[in-house]
Amino acid sequence: MALADITTPSQETEQASVQGSGWRRSLLIAVPYIWLLVFFLAPFVIVLKISLSDVVLARPPYFPTFDISEGWQGFVAMFQAFDLENYVWLTEDTLYLKSYLSSLKIAFISTMIALVLGYPIAYALAKAPKEWRSTLLMLVILPFWTSFLIRVYAWIGILKKEGVLNYVLLWSGIIDEPLTILNTDAAIYIGIVYSYLPFMILPLYAVLEKLDYSLLEAATDLGCSPFKAFWVITLPLSVSGIWAGCFLVFIPAVGEFVIPDILGGSSTIMIGKTLWVEFFSNRDWPVASAVAILLLIMLIMPIILFQKQQEKQAEASQ
Amino acid sequence: METLVSTQPVSDFAPWNNPGEVPLVHFDGVTKKFGDFTAIENLSLNIYEREFFALLGPSGCGKTTMMRMLAGFEHPTKGNILLGQGNLQEAPPHKRPVNMMFQSYALFPHMNVEQNIGFGLKQDKTPKAEIKRRVEEMLSLVQLEPFAKRKPHQLSGGQKQRVALARSLAKKPKLLLLDEPLGALDRKLREQTQFELMNIQEQLGLTFVIVTHDQEEAMTVASRIAVMDHGKIVQVATPAEIYEYPNSRYSADFLGDVNIIEGRTDISTGETASLYWSDEEAPLTVSTSLRLPAQTTAWLAVRPEKLRISKDKPPTSDNCIQGKVWDIGYTGNISTYHVKVSNGSILKAQVSNQERLADRPITWEDTVFVHWDKGAGVFLET
Amino acid sequence: MISSFKSKLTVTLVSAAMAALATSVAQADGTINVYNWSDYIDESVLKDFEAETGIKVNYDVFDSNEVLETKLLAGTTGYDIVVPTGSFLSRQIQAGVFQKLDKDALPNLKNMWSVVSQRTSIYDPGNAYSINYLWGTTGIGYNVEAAAKRLDGKPVDSWDIIFNPEILAKFQDCGIHMLDAPTELFPAALNHLGLDPDSHDKADLDKAAELLKTIRPYIQKFHSSEYINALANGDICLAIGWSGDVFQARDRAAEADNGVTINYIIPKEGALMWFDQMAIPTDAANTKGAHLFLDYVMRPDVIAKASNYVVYANGNKASQAYLDAEVLEDAAVYPDADTMENLYVTTPYPLKIQRVVTRAWTSVKSGQ
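Residue numbers (the working numbering), protein chains in the order written: chain U, 1 to 318; chain S, 1 to 382; chain P, 1 to 368.
Please note that a few of the clues may not be correct.
Partial selection, computed: residues in chain S whose CB lies under 8 angstroms from chain U [to be verified]:
| hint | residue |
| --- | --- |
| 1 | Phe34 |
| 2 | Ala91 |
| 3 | His94 |
| 4 | Pro109 |
| 5 | His110 |
| 6 | Gln115 |
Stretches of chain P that chain U covers, calculated by requiring three or more beta carbons in the stretch to come under 8 angstroms of a beta carbon on chain U [to be verified]:
| hint | stretch |
| --- | --- |
| 7 | 103–116 |
| 8 | 213–223 |
| 9 | 237–248 |
Simulated pairs of lysine to aspartate or glutamate, EDC-like, Cα-Cα distance not exceeding 20 angstroms [claimed, not checked]:
| hint | chain 1 | residue 1 | chain 2 | residue 2 |
| --- | --- | --- | --- | --- |
| 10 | S | Lys232 | S | Glu381 |
| 11 | P | Lys352 | U | Glu177 |
| 12 | P | Lys352 | U | Asp93 |
| 13 | S | Lys95 | U | Glu217 |
| 14 | U | Lys161 | P | Asp173 |
| 15 | P | Lys207 | P | Glu269 |
| 16 | P | Lys170 | P | Glu184 |
| 17 | P | Lys56 | P | Glu66 |
| 18 | S | Lys174 | S | Asp124 |
| 19 | S | Lys122 | U | Glu217 |
| 20 | S | Lys151 | U | Glu311 |
| 21 | P | Lys207 | P | Glu184 |
| 22 | U | Lys127 | S | Glu74 |
| 23 | S | Lys306 | S | Asp373 |
| 24 | P | Lys170 | U | Asp83 |
Don't read these hints as lab results, they were simulated from the structure.
Keep in mind that this is a model prediction, so the values were computed, not measured.
Backbone N, C-alpha and C fix where the C-beta goes; we use that ideal spot for every residue, glycine too.
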């Protein structure tokens, strides 16, 4: 998470070695900032601006728009027309709060399931004989070679009443009546966990693979059973991987739209769908933008808090 | 850290010479295979209580495998390992009264020094107060009291090493295994720590088994050394015995510097033997109880410091060879003369520098005589 | 409002990405860009047009009015001809998205059918901005065997099957889908309640929402395209859907020969009639070419080819001479005069009411 730290030493060495060509160095340093500016900050500002506007039937369907020909005056006028009406609106209908909460709940549960499933897989991968590891890793990544949509659609065939899963369960005598899984929350969880599991496994694998197994030997040597050694040694030492994996699953899961739309039932409300409805059905770009801005803040806040916490920890341990 | 070295009462402590003594550890015909590779071959060995036992050998000789079998991380393919009277095979690693100090130290990075040292006690559900007392005791033993709250990454190499030692000692194991414990330390710190280890071992009255490839370390700390080669024990004896009376060229060569002269035997008397090492020169005479048939190939091993060197032919000497100074190695306290003899081989003779360098009479290209007593060397058949 | 494609989403996502990238590239005179619904034309129409005029047609497809509208409102689509549905077209005209047609350049307007142009003028007064391409209805698609079993042989001919919970409940076990389109379902519910299907009155709409809530428990899913495959595979047995889509399901089931027979009806109480209209965006680069294309499409034989191919009715009276008998004589495609009387059209909701409707719809679907 603390990617910024990594760049520091390399910048220092650059400073030392590339004397006299300051502009080139500045350019080099500026590239990532320009990237962030163009592809993150600018879109964010545009969306923020729309979220402060009012909806109108026009092209584009909001007001005010920024007319560059009016210069500074137009800019001021634009600012005067801004208001927080759309954000107030979001508090007036409980639908939005419910959508956010429901999305957070679904994302949280999915993340936990992915963690519980992904950890043993990552562990097994990390412990597998070296010559097998790249093959096994490939199997984890392999699904990405197929379109995400096709894979999610394939689950319809598995989960539906006359689907593969019910067929196998009925055939094996585990159930007498076909289960209704498709178009329920269970199907959403299956879809999300399936789609994002590799994002959980890969960071966990990266951490577990680097884990010094002599630590586990040391623990058992000191009287700790292998099972307990997992809890007191392996797990605490893989915390960074757990966090990374959880963020990688949780964040896209909160805003997930496609999986609930294809696999889920109509009664599940998620913020992605609510946003879609605002944007497309209601044509209310300003409210849709406000929903998006709030979602962004909701997702960024825990990351910032987490990073602050990590920095504190790092400072404390220096 | 200024610990005074108390010379071990080596002469008194020799349980291996007492046939009635029950060994603490008994390897009984142990073989360990990894696939097709035989790491340990039909090995039997006794280690006694309060011993500081060293397993010495080059990497790949099987010494680490033996230690890992003691710790329970590996299991013998054949044979038994007994600890006290019990068969060790049955117990998993976490139920053995054996602790190990890892080569990498294997300190838990997420726990501070205190928690690392107390870890083993905590696993045994030792009362909190008792853990606290033991940890403090260990901290004072390794003189790390001020560092109790530090995490491993905030410690120096020597400090980590001492935490690892304290951690492995905290449970007062019957047997402590040390896997190349000082390998990561620089020379001075290593020497100092060797003496600390010996002190602690003596103070606590525990049995230590150390794995090392460093012969000096083994000789310094060990009550006995097992010299290992390719999964077999070549010789088990006290450092002095191995040094003075190696049983093979391998042993002789592994411990300290040695001249090995190959030749053929004459009929040996049981007291002395003659070794014909060169067609032009007189045979060498060696005291030995070995009786070998005539014309057998045999070797004389003689330590460089046992050789004397002079410009003039000594009036009387059991063995004397003429040669030319080929090279001189000067290491301050000692000078090693490399002398090329008639058959082209080099003999090393060490002379302690009691005189100043400038006064030394022998120099490069000088013709010299290397001579020694018949009892100075060891006669070897392998 | 035809969503005649399985992966509406693919197109949605791709179009969203395209919208960002699409810029008005100066078009060579010899090219027009047409943006139409997917699976909605006989490709030979395009080839013939190219051969005859030498104008190259870039043909691109979409799957939802919302996506098309979003692109149009964002501006500079680069398209010369787009095909929104009437109610969407209406507010797009208000938003200033389209240019008036040059009727002098469209001599084939004479072929158009007044029955249809009357109705489309509700959305586009005087048909100043658009011509009708194809039209259809929103009715009931069902599995013939399953319905016969559950209704004791009584015919499927009434909205009662949907809006009477007692009858609808009989179909719950075999699966019921409904379009995820409030602008289609509210009029149907209002009509069933005896109210004006095009009512924009909040009290009326609330009543419709109440009715929809009573049948909600029996609906497996609200989705605007999945029902095509689901009907064809026998996964569901009842759906409110668009005529052509249900015909597609019918044909797929017949092709698969899986023992599933699908039928589409326009209930006797009437149904929503909708119109897909061709129009030219204000920023079209090749207006002249666009007019040529519109005029070409209004040739009787050309539009008949499209209708024959996709089984949707068109607004071209003269074309009826060229239609296949099985299309022209199918009352579900070309309703008879009596049925036609009962078909109703709706006008777009004002923004405030639109919000009320979508909110009520969310509430119906989710119970929230």
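Taking the hints in turn, this is what the structure says about them:
no.: 1; hint: Phe34; verdict: violated, 14 angstroms
no.: 2; hint: Ala91; verdict: violated, 11 angstroms
no.: 3; hint: His94; verdict: holds, 4 angstroms
no.: 4; hint: Pro109; verdict: holds, 7 angstroms
no.: 5; hint: His110; verdict: holds, 5 angstroms
no.: 6; hint: Gln115; verdict: violated, 10 angstroms
no.: 7; hint: 103–116; verdict: violated (count 0)
no.: 8; hint: 213–223; verdict: holds (count 5)
no.: 9; hint: 237–248; verdict: violated (count 0)
no.: 10; hint: S:Lys232 with S:Glu381; verdict: holds, 18 angstroms
no.: 11; hint: P:Lys352 with U:Glu177; verdict: violated, 46 angstroms
no.: 12; hint: P:Lys352 with U:Asp93; verdict: holds, 14 angstroms
no.: 13; hint: S:Lys95 with U:Glu217; verdict: holds, 13 angstroms
no.: 14; hint: U:Lys161 with P:Asp173; verdict: holds, 11 angstroms
no.: 15; hint: P:Lys207 with P:Glu269; verdict: holds, 18 angstroms
no.: 16; hint: P:Lys170 with P:Glu184; verdict: violated, 23 angstroms
no.: 17; hint: P:Lys56 with P:Glu66; verdict: violated, 27 angstroms
no.: 18; hint: S:Lys174 with S:Asp124; verdict: holds, 15 angstroms
no.: 19; hint: S:Lys122 with U:Glu217; verdict: holds, 16 angstroms
no.: 20; hint: S:Lys151 with U:Glu311; verdict: holds, 17 angstroms
no.: 21; hint: P:Lys207 with P:Glu184; verdict: holds, 15 angstroms
no.: 22; hint: U:Lys127 with S:Glu74; verdict: holds, 17 angstroms
no.: 23; hint: S:Lys306 with S:Asp373; verdict: holds, 8 angstroms
no.: 24; hint: P:Lys170 with U:Asp83; verdict: violated, 52 angstroms
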